[in-house]
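**Student:** The chain contents come next:
Number of protein chains: 2
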Amino acid sequence: MSLLTSIKFNEAGLVPAIAQDAETGRVLMMAWMNEEAVRQTVKTGFAHYYSRSRKKQWKKGESSGHVQGIEEMFLDCDGDTILLIVNQTGPACHTRRESCFYRQRQDDRWITFDEPQE
Amino acid sequence: MSLLTSIKFNEAGLVPAIAQDAETGRVLMMAWMNEEAVRQTVKTGFAHYYSRSRKKQWKKGESSGHVQGIEEMFLDCDGDTILLIVNQTGPACHTRRESCFYRQRQDDRWITFDEPQE
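Those sequence lines, one after another, are chains V and C.
Once you know that position 105 of the first sequence is 115 in the numbering used here, the rest is easy, because the numbers rise by one and skip nothing.
Once you know that position 1 of the second sequence is 11 in the numbering used here, the rest is easy, because the numbers rise by one and skip nothing.
Take the hints with a grain of salt, since some may be wrong.
Identical chains blur together in the list; that is why a pair holds if it fits in one copy or across any two.
To be verified - In the SDA-like style, the derived pairs of lysine to any residue whose C-alpha atoms are separated by at most 20 Å in a straight line are:
#1 Lys18 / Arg62
#2 Lys65 / Leu13
#3 Lys53 / Gln114
#4 Lys69 / Gly23
#5 Lys18 / Asp118
These are computed hints drawn from the structure, not numbers from a lab.
This one's a predicted model, so the numbers in the text were calculated from it and none came from an experiment.
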């Protein structure tokens, strides 16, 4: 797949991927992809990532059902970061919040401003 | 600064930071911060990053003038990614494009869809 040759995977064979909500524009999460995750994402139309802790590739939402349908996919100037525009089913965060970025800086602290969904 | 203790810097002492345009919602770039870059960003109100190639911390726009004023700053659930909501002066990308994510996937290729600004 010639798509892959433009991507600069790091020394661990991974590339960071940012997921942004197609509807709200909110940045939902950042995770890592290996080559196989990119292939599966393109092939299936659903976001796949690589878990560094579990050392395996996974489909986002495979257990929770909170999948990410791919609307658009971008590569940055250096070829070392991917941006996914997604249709998010349910909350993106494993804490059941809409986005993983739910802690906001206030002075020298992080304040949680978002509540988990039902 | 207690803000720093919640951030999980990687083995190289870095954390990825995503910059999103406060006005348009467009994701502009992803870069890395070390502890000093986080401190300087908070202290000055302008985005500072760490260049892995030049091995030094730098103020975004210090030579181009294309600075990023910090509107809001978020930390994700794992504490290992930062999201900056910024007021971007000029193009964010060193190619003089509005965003670094100017290559869009079409089938198995990346198509450049954005033109450099004057």
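**Student:** Regarding lysine 53 and glutamine 114, is the shortest C-alpha distance of 20 Å or less found within a copy, between copies, in both, or in neither?
**Tutor:** Result: close only across copies, 16 Å inter versus 36 Å intra.
**Student:** At most 20 Å between CA atoms: does that hold for lysine 65 and leucine 13 within a copy, between copies, both, or neither?
**Tutor:** So lysine 65 and leucine 13 fail the 20 Å test inside a copy (24 Å) and across (30 Å) alike.
**Student:** Cα distance capped at 20 Å. Does lysine 18 pair with arginine 62 within a copy, between copies, both, or neither?
**Tutor:** both (18 Å within a copy, 15 Å between copies)
**Student:** Indicate which option fits the pair lysine 69, glycine 23 if close means a Cα-Cα distance not exceeding 20 Å: within, between, both or neither.
**Tutor:** This pair counts as within: shortest intra-copy Cα distance 18 Å, inter-copy 29 Å.
**Student:** 20 Å Cα cut-off: does lysine 18 pair with aspartate 118 within a copy, between copies, both or neither?
**Tutor:** between (35 Å within a copy, 16 Å between copies)
This entry does not satisfy hint 2, going by the numbered hints stated previously; all others are met.
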